[in-house]
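J.: Generate the whole structure from the sequences, applying the supplied hints.
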Amino acid sequence: MHIVKRDQMEWYKSWLIRAAAIVAALIVCALVTVILTHKDPIKVYATMFSGAFGTPRRIWNLLQNIAMLLCISLAVTPAFKMKFWNIGAEGQVLVGGLATAACMILFGGKIPNALLILVLVIASILAGAIWAVIPALFKAKWNTNETLFTLMMNYVGIQLVSYFSMYWEAQKGSGQIGIINQSTRDGWLPTIGKYEYLLNIIIVAVVTILMYIYLKYSKHGYEISVVGESQNTARYIGVNVKKVIIRTMILSGAVCGIAGFLLVSGTNHTINTTTADGRGFTAIMVSWLAKFNPLFMVLTSFLLVFLQKGANEIATVFGLNKSFSDILTGIILFFIIGCEFFINYKLVFRHSHKEVK
Amino acid sequence: MAVPAIELRGVTTRFGHIVANKNVDLVVNRGEILAILGENGSGKTTLMNMISGIYYPDEGQIFIDGKETQIRSPKDAFDHKIGMIHQHFKLIDLFSATENIILGINDGKKYNLKEAGKQVREITDRYGFVLDPQKKIYDMSVSEKQTVEIIKVLYRGADILILDEPTAVLTPQETEKLFAVLRRMREDGKSIIIITHKLHEVLSLSDRVSVLRKGEYIATVNTAETDESQLTEMMVGKKISLNIERSDPKEPTDRLEVRGVSCEDNMGVRVLEDVTFTARGGEILGIAGIAGSGQRELLEAIAGLQNTSTGDILYHNPDDGQTVDLRHKTPTEIRELGVRLSFVPEDRLGMGLVGNMDIIDNMMLRSYKKGKSVFLARKEPRGLAEKIINELEVVTPGATTPVRRLSGGNVQKVLVGREIASHPKVLMAAYPVRGLDINSSYLIYNLLTRQKEGGTAVVFVGEDLDVLIELCDRILVLNSGRITGILDARETTKEEIGLLMTKTDRGTEGNADAHR
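Read top to bottom, the protein sequences are chains L and G. Under the working numbering, the first residue of the first sequence carries the number 1, and numbering increases by one thereafter. Under the working numbering, the first residue of the second sequence carries the number 1, and numbering increases by one thereafter.
Any given hint could turn out to be false.
[Stated by the list, open to error] With a cut-off of at most 20 Å between alpha-carbon atoms, the simulated PhoX-like pairs for lysine-lysine come out as follows:
1) G/K369 x L/K216
2) L/K139 x L/K242
3) L/K243 x G/K329
4) L/K242 x G/K369
5) L/K219 x G/K372
6) G/K198 x G/K239
7) G/K370 x L/K243
8) G/K214 x G/K198
9) L/K291 x L/K13
10) L/K139 x L/K83
11) G/K329 x L/K242
12) L/K346 x L/K13
13) L/K43 x L/K322
14) G/K369 x L/K243
15) G/K136 x G/K90
16) L/K219 x L/K243
17) G/K145 x G/K503
18) L/K216 x L/K81
19) L/K243 x G/K372
20) L/K242 x L/K219
21) L/K242 x L/K83
22) L/K216 x G/K372
23) G/K177 x G/K198
24) G/K75 x G/K90
25) G/K145 x G/K90
26) L/K81 x L/K219
27) L/K291 x L/K83
28) L/K139 x L/K81
29) G/K370 x L/K216
30) G/K370 x L/K219
31) G/K136 x G/K114
32) L/K219 x G/K379
33) G/K198 x G/K494
34) G/K379 x L/K216
35) L/K219 x G/K369
If you are wondering where the hints come from, they were derived from the structure by calculation, not from laboratory data.
T.: What follows is the structure in structure tokens.
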């Protein structure tokens, strides 16, 4: 038996394989559930589903979570397309959020609310961009390893947030900022009607489309692809590679900053070290699974958020350990990522030798 | 009739849906040199890899000395006394020749470098190799490395030697020496299989020739009973004339003047030293030299991709009579100066094109910056892509196919087509026919000649000296970063170029070796 690379597969066949992978994953999950917990797998899946879609509130929550994950995934995509391994989105989101929180605390009630929101947006974009451009500058100037550098910047970001949590703590000794401007709602992203998260979702939808257009139809996007594919080709056609790296990381960090703004001003109205909630890392998976296509990322971020929500619900309803939901999520992801192998390669079994007359 | 050393019957190998070898029958006798002739991609190397245990046939049988044999690994092949010398050497730079030769032998005997050295010497004396067993690989020329590879195989007791395009990296003089050694081995009763696509080598060396075309076995003929045109016809499948039409240059004018250019690589090693020459419009200037003699650096220095430490690169603009210095300019700055310079780099998919992009987007590489819009204009590149596909007969499912899916020849047509489309005044091409089949090669030669006739200064870096002599007007010889001669292509000979390629201050390397 040996492995053979496939030619390009028709799109419907590859989606068929992906669908089959999900079905297979559900079957394996069901078996694992029965063996380990003796629960009815159908009921488990039903619970999973209701955990994500059960009530309108849950659906809104789901959408909001998708929007946040998607936003951060969009942010890391230009960098990844350029083969600049920005694993510092977590930190970039946090400092973006921290800038938002700081401005809400410092300027809340002192300037008109509309102006405050504008200040928040600019501050968060700047903070995220600065956090991202530092490793990019070092990379361009001294060719430092961006993976380590961006990773380290995460920890600096987290420490900054915990420092300011103490600095601005609501009650002495709590170490928590608490809800900022709870009574005045200064600097809170407005809600549209009674739909709390609708504006967040709309903003992310707009960012998605803009990012899609930027990557596919703009000259900048084209340069990003060329640099990512081959720096030699980029040099050959006269692209300033360093400039593209720096410019793209500013963009990547800026969108992370927006995500931080949406999380603080539009969602939590506070900040702590778990505000980004690991999304900076999950986003990398979203982006890769969607092959850096912003439109597909809507699907992949939906999938990941759905799995997470559903799995949490199972753990709660059936009184299972949180690890059990991680096991299920892990199995499903394993199948989904693993099936890409069968889309790109096939297995060929060697025939025994035919006799030649 | 004696039992053949190796016989293949109905051997077929597939890679996915591609059939690399289809129903190949082949006979190799003891004490003969068999040439395997075929174009690039005709399945020669795959077939030989099957005999040497790297691939395993999907169908068919292999007989060794009349017995059916399964060769499952290179070790199996060695057990049957088969050894292959690959195109890319597999040697450890820091080891000496002897250390490399005995590397990996596990015969239960004590590790004895002295004893091994003695045996290596026996082999070299027997067949007339020139090799110092103590010499480290990093001190060796390409031809010495090849010698180590051949001795490595002989040391393991091989009776059947397979050489994959052994002359591709050698000068004419080195090739002659290698052939002399191979002839001596034949007299010693060894079977030698040599893979090649050079006809004159086949005719001067081999006893019989087996021809492959597109993976299929065509026929085997006795070398004495055939000639170049018959072999070409077998190889290509139709009669083609192998003549390059060379016109006389019309009013050549100085276009590109390189004056005293030197440069270092990023390790600080000098790769170009005081290079001075002039490329003229209406002329093809060939650049000959052993691989890595500074050809790449020279072209990249002109194209603005390589920093130079001294010298000037002057471009005489035929449109306005102005002269500009291209030194220390980026490719963008050079273009903005109004210099119409095109460059077909050696590394097609790593520099000239982006493999994962389609033909349209690859056309855009040169032109995407045009205009003020922040968005890309794909209309013009699309037209250009379609024009090139039609005019150069690029075989592709369409203009939106990623170029890495195209065959080598078609990739090169896309690249050359794009570079010519901007009506260059200077066209530089590095190894533009490497890996191409005969038809595509001649198409490229003709494109270059047409550019020259249109008044362009063409700079052509080549490796096949026969082609350089037939195609170019003048030939510049590079030797370790220095120019050792600029010759009139109509007057010179392969031997003269070969000597200039290897000449050192102490005299010619070839002589030095012979006297050792």
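J.: Now, for every hint given, state plainly whether the structure supports it.
T.: Hint-by-hint comparison with the structure:
1. G/K369 x L/K216: Roughly 15 Å between the alpha carbons, so the hint for G/K369 and L/K216 holds.
2. L/K139 x L/K242: 8 Å, holds
3. L/K243 x G/K329: Holds - the C-alpha atoms of G/K329 and L/K243 are around 17 Å apart, at most 20 Å.
4. L/K242 x G/K369: 17 Å, holds
5. L/K219 x G/K372: 10 Å, holds
6. G/K198 x G/K239: 17 Å, holds
7. G/K370 x L/K243: Holds: G/K370 and L/K243 sit about 19 Å apart, inside 20 Å.
8. G/K214 x G/K198: 17 Å, holds
9. L/K291 x L/K13: Holds, at roughly 17 Å.
10. L/K139 x L/K83: 12 Å, holds
11. G/K329 x L/K242: Holds. G/K329 to L/K242 sits at ~16 Å (cutoff 20 Å).
12. L/K346 x L/K13: Measuring from Cα to Cα gives roughly 13 Å; hence the hint holds.
13. L/K43 x L/K322: With a Cα-Cα distance of about 18 Å, the restraint between L/K43 and L/K322 holds, given a limit of 20 Å.
14. G/K369 x L/K243: Status holds; Cα separation ~15 Å.
15. G/K136 x G/K90: Status holds; Cα separation ~14 Å.
16. L/K219 x L/K243: Answer holds: L/K219 to L/K243 is near 14 Å, not above 20 Å.
17. G/K145 x G/K503: 19 Å, holds
18. L/K216 x L/K81: Given that 20 Å is the threshold and the Cα spacing comes to 12 Å, the pair holds.
19. L/K243 x G/K372: 18 Å, holds
20. L/K242 x L/K219: 16 Å, holds
21. L/K242 x L/K83: 13 Å, holds
22. L/K216 x G/K372: 17 Å, holds
23. G/K177 x G/K198: 17 Å, holds
24. G/K75 x G/K90: 16 Å, holds
25. G/K145 x G/K90: Roughly 9 Å separates the two Cα atoms, so the pair holds.
26. L/K81 x L/K219: 14 Å, holds
27. L/K291 x L/K83: 13 Å, holds
28. L/K139 x L/K81: 16 Å, holds
29. G/K370 x L/K216: With Cα atoms ~17 Å apart, G/K370 and L/K216 stay inside 20 Å; holds.
30. G/K370 x L/K219: 10 Å, holds
31. G/K136 x G/K114: 16 Å, holds
32. L/K219 x G/K379: 14 Å, holds
33. G/K198 x G/K494: 15 Å, holds
34. G/K379 x L/K216: With Cα atoms ~15 Å apart, G/K379 and L/K216 stay inside 20 Å; holds.
35. L/K219 x G/K369: Holds, at about 7 Å.
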